[in-house]
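Trainee: Sequence:
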Amino acid sequence: MSSTFSERAHTIAATARQYIGSTRFRHRYRPIRQSDALLGWRVVDVANDGDDSCASFASHVLVANGLMRRTRSTIGTMLGAMEQRGWFPADEAAIGAIALWGFREDVQPDETGFGHSGIVVGDGLFVSHSSFERTPIEHLGELRDGRQPVAYYAHDALFTPALPQAATAPLYSPSQQYPAV
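Numbered per the numbering used here, the sequence shown finishes at 236, counting up by one with no gaps.
Everything labelled a hint here was simulated from the structure, so no lab data went into it. Glycine residues also receive a C-beta, built at the ideal position from the N, C-alpha and C atoms. Among the hints, erroneous ones may be present.
[What the hints assert, rightly or not] Derived DEER-like restraints, expressed as beta-carbon distance ranges: (1) Ala69 - Trp96: 21 to 29 Å; (2) Asp178 - Ser90: 43 to 51 Å; (3) Glu160 - Arg88: 43 to 51 Å; (4) Arg140 - Arg72: 21 to 29 Å; (5) Arg125 - Trp96: 17 to 25 Å; (6) His194 - Glu147: 15 to 23 Å; (7) Gly95 - Gly168: 29 to 37 Å; (8) Thr132 - Arg199: 41 to 49 Å; (9) Gly95 - Thr59: 49 to 57 Å; (10) Val99 - Glu188: 16 to 24 Å.
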């Protein structure tokens, strides 16, 4: 049984596209407890002036479409929250799916093994938060540094199941003969 992309999948893609050029995700301030208890708390820009905003952007798009409860700052916390909400690893890019890229060679990998995230918008295109432009951009799968997507996460809400073959046949045909009663 094949599937087509749901209206919700296209809405996710449209939501991602509406943020292209926006600086909304450039900063994300969080209170961080200092190691010395006497120093208390300090506020940190966990988005690092837009350099680390890809998960915030992607998770915000999912929150706006009801597929996550709140925005996440890291790919690891985003993936954990996605899995709790029914997201699963997928073999192919689907409209509205999350695409994941590996790490740049100059960056130490974290526990996820992924260094960048974005939204699949269709026709081989993606929208993700660029650390170069410091804003969401639309792009092909290959990033500026040559990395390609290495994984995808999808949700059942992205697909509209096709009707079984029997259900597509008419229920009544005028030429059909019925026994007399």
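Trainee: Given a hinted range of 15 to 23 Å, is it respected by the beta-carbon distance of His194 and Glu147?
Mentor: Between His194 and Glu147, where Cβ atoms are some 18 Å apart, the hint holds.
Trainee: Mind checking the hinted window 43 to 51 Å against the Cβ distance between Glu160 and Arg88?
Mentor: Because 32 Å falls outside the window, the suggested range is violated.
Trainee: Using the beta carbons of Asp178 and Ser90, state whether their distance is inside 43 to 51 Å or not.
Mentor: holds, 48 Å
Trainee: Range hint 41 to 49 Å: satisfied by the CB atoms of Thr132 and Arg199?
Mentor: 25 Å Cβ-Cβ, so the 41 to 49 Å window is violated.
Trainee: So does Arg140 sit 21 to 29 Å from Arg72, Cβ to Cβ?
Mentor: About 22 Å separates the Cβ atoms of Arg140 and Arg72, which means 21 to 29 Å holds.
Trainee: Go ahead and decide if the range 29 to 37 Å is satisfied by the Cβ distance of Gly95 to Gly168.
Mentor: Roughly 34 Å apart at Cβ, these two residues keep to the hinted range, so it holds.
Trainee: Taking the CB of Val99 and the CB of Glu188, does the distance hold inside 16 to 24 Å?
Mentor: holds, 23 Å
Trainee: Is the gap between the beta carbons of Ala69 and Trp96 within 21 to 29 Å?
Mentor: violated, 38 Å
Trainee: May I ask you to test the hint 49 to 57 Å on the CB atoms belonging to Gly95 and Thr59?
Mentor: holds, 54 Å
Trainee: Note whether the CB distance of Arg125 and Trp96 lies within 17 to 25 Å or breaks it.
Mentor: holds, 20 Å
Violation of the numbered hints given earlier is confined to hints 1, 3 and 8; the remaining hints are satisfied by the structure.
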